[in-house]
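Novice: Chains as they are written, first to last, in the working numbering: chain A, 1 to 256; chain H, 1 to 293.
Honestly, the hints are just simulated from the structure, not real lab data.
Quick caveat, the model's predicted, so the values are computed rather than measured.
Errors might be hidden in some of the hints.
[Stated by the list, open to error] Selected chain H positions facing chain A (Cβ under 10 Å, derived; list incomplete):
| # | residue |
| --- | --- |
| 1 | T31 |
| 2 | A183 |
| 3 | V196 |
| 4 | P199 |
[What the hints assert, rightly or not] In silico DSBU-like cross-links for lysine-lysine, where the CA-CA straight-line distance does not exceed 35 Å:
| # | chain 1 | residue 1 | chain 2 | residue 2 |
| --- | --- | --- | --- | --- |
| 5 | A | K119 | H | K287 |
| 6 | A | K149 | H | K165 |
| 7 | A | K89 | A | K254 |
| 8 | A | K199 | A | K186 |
| 9 | A | K245 | A | K123 |
| 10 | A | K186 | H | K172 |
| 11 | A | K123 | H | K261 |
| 12 | H | K165 | A | K122 |
| 13 | H | K172 | A | K149 |
| 14 | A | K122 | A | K26 |
| 15 | H | K111 | A | K149 |
| 16 | A | K135 | A | K245 |
| 17 | H | K287 | A | K186 |
| 18 | A | K236 | A | K148 |
| 19 | A | K123 | H | K165 |
| 20 | A | K148 | H | K111 |
| 21 | A | K149 | A | K135 |
| 22 | A | K36 | A | K122 |
| 23 | A | K143 | A | K7 |
| 24 | A | K22 | H | K111 |
| 25 | A | K135 | H | K287 |
| 26 | A | K89 | H | K165 |
| 27 | H | K111 | A | K122 |
| 28 | A | K22 | H | K172 |
| 29 | H | K172 | H | K14 |
| 30 | A | K119 | H | K172 |
| 31 | A | K254 | A | K236 |
| 32 | A | K200 | A | K22 |
| 33 | A | K89 | A | K119 |
| 34 | A | K149 | A | K200 |
| 35 | A | K22 | A | K123 |
| 36 | A | K89 | A | K149 |
| 37 | A | K89 | A | K199 |
| 38 | A | K143 | A | K119 |
| 39 | A | K143 | H | K287 |
| 40 | A | K200 | A | K122 |
Using N, Cα and C, we set each Cβ at its ideal position, and we do this for glycine too.
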Amino acid sequence: MSIKTEKPLLQLNNLSAYFHDKRILKDVNFSVENSKVVSIMGPSGCGKTTLIRCVNRMHEMSPGGTAAGSILLDGEDLNQLNTITVRRKIGMVFQRPNPFPTMTIYENVIAGYLLNGIKIPKKLSLEIVEDSLSKAALWDEVKDSLNKKGTYLSGGQQQRLCIARALAMNPEILLLDEPTSALDPKATSRIEELVVQLKKNVTILMVTHNIAQAARVSDDTAFMYLGELVEYGSTKEMFTVPKDKRTEEYLTGKFG
Amino acid sequence: MDTVYLKRILEDEKAIRQRILKNNLSGVIITFISSLVVVPLVLILAYLLINGISSINFDFITQLPKPVGEAGGGIVNAIAGSAIIVFLALVLSVPPAVFGGIYLSEYPDSKLSALVRFSNEILQGTPSIVIGIFAWVLVVVPMGHFSAFSGSVALGIMLIPIVLKATEETLKRIPPELREAAASMGVPYHRVILKVVVPTGLKGIVNGILLGATRISGETAPLLFTAFGSPFMNLHAGKPMSSLPLVIYNYATSPYDEWHKLAWGASLLLILAVFGINMLARIFVSKQGGGTQ
């Protein structure tokens, strides 16, 4: 059911996830190629967010959160790595923009280095800040106010700042958990444009509630229902000729 | 549906006028009753000003007390003493209280947390005189004499519940999204606490410390048999030391009119200091803008 690829960047094998005894994900299998945008869509409570939180092993931080199965990044089992390494390779952006309120815009971008106590030369940190903010399409708007607090920006700008913060760690994969659900339509379309541009640099897994958004930005789409991966494949194909009846019903608005 | 009837009862002018009247009346009552809260403070301040302002002058805050019968003199020893005793109490109790508050907000459901929370509530309700006796047994008896240090121990114990509660409440309000953001960048847990959670809640913690300081700076009972008081200038924490509440207590209960006046002056000074620290806390909080959303 999944697309066979020569060398997937990310591979999920029989991934199951639990909260205490409750099974949230049921044997999910799929692989993601390099430099793609993959949307994960499905109705509320289907396990979309849990799925991406398994990928950077944030799920196990939640009370009662456990996972089974394996996730391979470049062929390497993420369960064999420590969580710190995993999360430095796999960045994440959350539903609500969450810049650090005590930090300036500049400090927010390099927060991954500051908070981890990694010392970098001033020249390099300047480069990282400009490069990350440019990639996040925010540089022109904030280059004169880098010393203002991150919370001084608008919601949409804050979310791009959070994207820049994740990009500054030079991740291989970027996880976006409904990144536009707290934003207005204008800010949403800016983030969507950005996601399309970003795939040059980083592979993106994006959870979305919004069917149209999945259609607009993603190369491949995963449709999830009640913890199962119902269908996975090229977005174009899935939206024109869905293979599963449930996918078709979801896409035509019969539920969800 | 009888729309005519509905229209009549919904647009009944008299009923609407009555509603407006009732609304205004309840507004007046609530305003009046809430303003009663201000009355005691205003009365205390006015009374202190009337009785105390005449004793406050340059000598009052720079000179030592004079013997009975001699005019003039000041309470500089008590001012310095209060500052030293309160400062020492802060040094002793802020670290355990802040760390305790962090622990309670991070592990709200652990057994130790239940114990800490319970003890903290009991400690908060413990009469200050009892804490004074405890400090006397703990410090004064082994040392063999009264000391400022023992007073600071007593006040420090009183301060712990205030600062601990303030820290816990502040940190609990910090959005979990911030911890997640830091954790998602591979920041280890202890650094998330030290570099994200505590700095974000810093203004609330400092505010709690300042308010706690004002609370203990007026305490008399715990100092009666610890710091004890001294008519001399003493900056040595190991020896008996005067403080503003002690001066007020001793002078106010003396038979001399001169000393009564000094007690009024000291009371005014103490309330001004409390007022000043409160202002400082407010300025600090507003300057630190941003903070938690």
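Novice: For every hint, state whether the structure bears it out.
Specialist: Cross-check of the supplied hints:
For T31(H), the shortest C-beta to C-beta distance to chain A is roughly 36 Å, which exceeds 10 Å, and the interface hint is violated. Look at A183(H): its Cβ gets to within about 6 Å of chain A, closer than 10 Å, so that hint holds up. The closest approach between the C-beta of V196(H) and any C-beta of chain A is roughly 6 Å, which is under the 10 Å cut-off, so the hint is satisfied. Nearest Cβ of chain A to the Cβ of P199(H): about 5 Å, under the 10 Å cut. The hint holds.
Of the pairs offered as hints, the one joining K119(A) and K287(H) holds, with about 30 Å between alpha carbons and a cut-off of 35 Å not exceeded. The hinted pair formed by K149(A) and K165(H) meets the criterion: a straight-line CA distance of about 28 Å does not exceed 35 Å. Between K89(A) and K254(A) the alpha-carbon distance is near 38 Å, which puts this suggested pair outside the 35 Å criterion. Our distance criterion of 35 Å between C-alpha atoms is met by K199(A) and K186(A), whose separation comes to about 21 Å.
Only pairs whose Cα atoms come within 35 Å are accepted, and K245(A) paired with K123(A) is rejected, the gap being roughly 55 Å. At most 35 Å may separate the alpha-carbon atoms for a hinted pair to count; K186(A) and K172(H) meet this at roughly 34 Å. For the given pair, K123(A) sits about 66 Å from K261(H) by alpha-carbon distance, which is inconsistent with the 35 Å threshold. Between K165(H) and K122(A) the alpha-carbon distance is near 40 Å, which puts this suggested pair outside the 35 Å criterion.
Pair hint K172(H) plus K149(A) holds up; C-alpha atoms about 22 Å apart against a cutoff of 35 Å. For the given pair, K122(A) sits about 47 Å from K26(A) by alpha-carbon distance, which is inconsistent with the 35 Å threshold. Under the criterion of a C-alpha separation no larger than 35 Å, the hint pairing K111(H) with K149(A) is inconsistent with the structure, at around 39 Å. For the hint linking K135(A) to K245(A), the alpha-carbon distance of about 39 Å lies beyond 35 Å, and the restraint is violated.
Restraint check for K287(H) and K186(A): satisfied, since their Cα atoms lie roughly 33 Å apart, inside the 35 Å limit. Using a Cα cut-off of 35 Å, the hinted pair K236(A) and K148(A) is violated, with the two alpha carbons roughly 42 Å apart. Simply put, K123(A) and K165(H) have alpha-carbon atoms about 43 Å apart, too far for the 35 Å limit, and the pair is violated. Between K148(A) and K111(H) the alpha-carbon distance is near 42 Å, which puts this suggested pair outside the 35 Å criterion.
Annotation: proposed proximity of K149(A) to K135(A) holds, straight-line Cα distance about 20 Å (limit 35 Å). For the given pair, K36(A) sits about 33 Å from K122(A) by alpha-carbon distance, which is consistent with the 35 Å threshold. Distance hint between K143(A) and K7(A) is unfulfilled; the C-alpha atoms sit about 39 Å from each other, more than 35 Å. A distance of roughly 26 Å separates the Cα atoms of K22(A) and K111(H); the hinted pair therefore holds under the 35 Å criterion.
Simply put, K135(A) and K287(H) have alpha-carbon atoms about 33 Å apart, close enough for the 35 Å limit, and the pair holds. Straight-line distance between C-alpha atoms of K89(A) and K165(H) comes to about 39 Å, which puts the hinted pair past the 35 Å bound. Restraint check for K111(H) and K122(A): the C-alpha separation of about 46 Å exceeds 35 Å, so the hint is violated. Taken as a hint, the K22(A) and K172(H) pair is honoured in the structure, with Cα atoms around 27 Å apart against an allowance of 35 Å.
Proposed proximity of K172(H) and K14(H) is contradicted: the alpha carbons are some 51 Å apart, above 35 Å. Under the criterion of a C-alpha separation no larger than 35 Å, the hint pairing K119(A) with K172(H) is consistent with the structure, at around 30 Å. Only pairs whose Cα atoms come within 35 Å are accepted, and K254(A) paired with K236(A) is accepted, the gap being roughly 20 Å. Our distance criterion of 35 Å between C-alpha atoms is broken by K200(A) and K22(A), whose separation comes to about 38 Å.
Between K89(A) and K119(A), the direct Cα distance comes to roughly 18 Å. Compliance with the 35 Å bound is thereby established for this hinted pair. A C-alpha spacing of about 30 Å is found between K149(A) and K200(A), which places the hinted pair at or below 35 Å, so the restraint holds. For the given pair, K22(A) sits about 50 Å from K123(A) by alpha-carbon distance, which is inconsistent with the 35 Å threshold. Among the hinted pairs, K89(A) with K149(A) is consistent with the structure: their alpha-carbon atoms are about 27 Å apart, no more than 35 Å.
Pair hint K89(A) plus K199(A) holds up; C-alpha atoms about 16 Å apart against a cutoff of 35 Å. This hinted pair checks out: K143(A) and K119(A) have alpha carbons roughly 23 Å apart, not beyond 35 Å. Between K143(A) and K287(H) the CA atoms are separated by roughly 25 Å; this keeps the pair inside 35 Å, and the hint holds. Our distance criterion of 35 Å between C-alpha atoms is met by K200(A) and K122(A), whose separation comes to about 27 Å.
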